[in-house]
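Residue numbers (UniProt numbering), protein chains in the order written: chain D, 1 to 137; chain R, 1 to 137.
Keep in mind the hints are simulated off the structure, nothing from the lab. Don't take each hint at face value.
The list treats identical chains as one, so a pair stands whether inside a single copy or across any two.
Below, simulated DMTMM-like cross-link-like pairs (lysine to aspartate or glutamate); rule was C-alpha separation at most 20 angstroms, straight line [said to hold, decoys possible]: (1) 133 / 25; (2) 133 / 13; (3) 133 / 50; (4) 133 / 97; (5) 133 / 34; (6) 133 / 107; (7) 133 / 102; (8) 133 / 16; (9) 133 / 48; (10) 133 / 10; (11) 133 / 99; (12) 133 / 92.
2 protein chains.
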Amino acid sequence: MSESHDSAVEHLEIHECWDLLGANDFGRLAVATETGVDIFPMNYLVRDREIFLRSAPGSKLASITQRPSIAFEVDGRRFRRRWSIVVKGNIDRLGFDSEIVESGILELKSLNPTAKWNYLRISPESVTGRRFKASRR
Amino acid sequence: MSESHDSAVEHLEIHECWDLLGANDFGRLAVATETGVDIFPMNYLVRDREIFLRSAPGSKLASITQRPSIAFEVDGRRFRRRWSIVVKGNIDRLGFDSEIVESGILELKSLNPTAKWNYLRISPESVTGRRFKASRR
Chain D
1 MSESHDSAVE
11 HLEIHECWDL
21 LGANDFGRLA
31 VATETGVDIF
41 PMNYLVRDRE
51 IFLRSAPGSK
61 LASITQRPSI
71 AFEVDGRRFR
81 RRWSIVVKGN
91 IDRLGFDSEI
101 VESGILELKS
111 LNPTAKWNYL
121 RISPESVTGR
131 RFKASRR
Chain R
1 MSESHDSAVE
11 HLEIHECWDL
21 LGANDFGRLA
31 VATETGVDIF
41 PMNYLVRDRE
51 IFLRSAPGSK
61 LASITQRPSI
71 AFEVDGRRFR
81 RRWSIVVKGN
91 IDRLGFDSEI
101 VESGILELKS
111 LNPTAKWNYL
121 RISPESVTGR
131 RFKASRR
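The shape of chain D in the complex, shown without the other chains (with noise of 0.2 angstroms):
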């Protein structure tokens, strides 16, 4: 979304964008299906400039195998103001026990400790991010 034309859009420098994400623990993932796309809520952790989510087994994981291309968004509001990063990049599952230990993303808590969860990983090829006035509500 083009909105340079508005002045009360703030573009947050990269370094903002990483503080952002490594403050926050809740993102959406949208990713491109057969049929167009689909967008899914989901907790994340940030290691070493890169994303590691956390997902129940479901349809959403056949999705990424096949097209590994996808944007993860992080938003959040202070005062009257809203940000929001997008990251976009290519994902893929963490195949190795230690690429999992590794990763941190074991510390996100459970909502479910007995289900077998599958781990995720985002390269990011871009962050932006933008500040801007927060709507009526």
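Knowing the structure of chain D, use the given hints to seat chain R on it.
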């Protein structure tokens, strides 16, 4: 995402989804692009179980015209529970002034009253909602 095995996840009734959609005005639009997928934070308004969006001119619209199948996500948090609604459907651009006025979209506060806005409508094909335990923050 199938989390039906997770007893902590509550699936919302359709009327509750629409109540939550109607009580909010900020969501994320996921669209397919030539190379993958993109996601845009946007204000919205609900009328007659359709969702109306307003966007500044930009690359997004080109994608939408070519690939009208989209997903739109709205979420929020109340105490220790987070809810998330995902709407899938088709998006089109409102071409007539009468459609724009009738939608009520002009009631959305503008960041920049002088911008030439584009008005979009999502015709939902599916609406699903979940409520789950919020993460540690």
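What hints, given by number in increasing order, does this structure fail?
Per hint list: 3, 4, 5, 7, 9, 11 and 12 violated.
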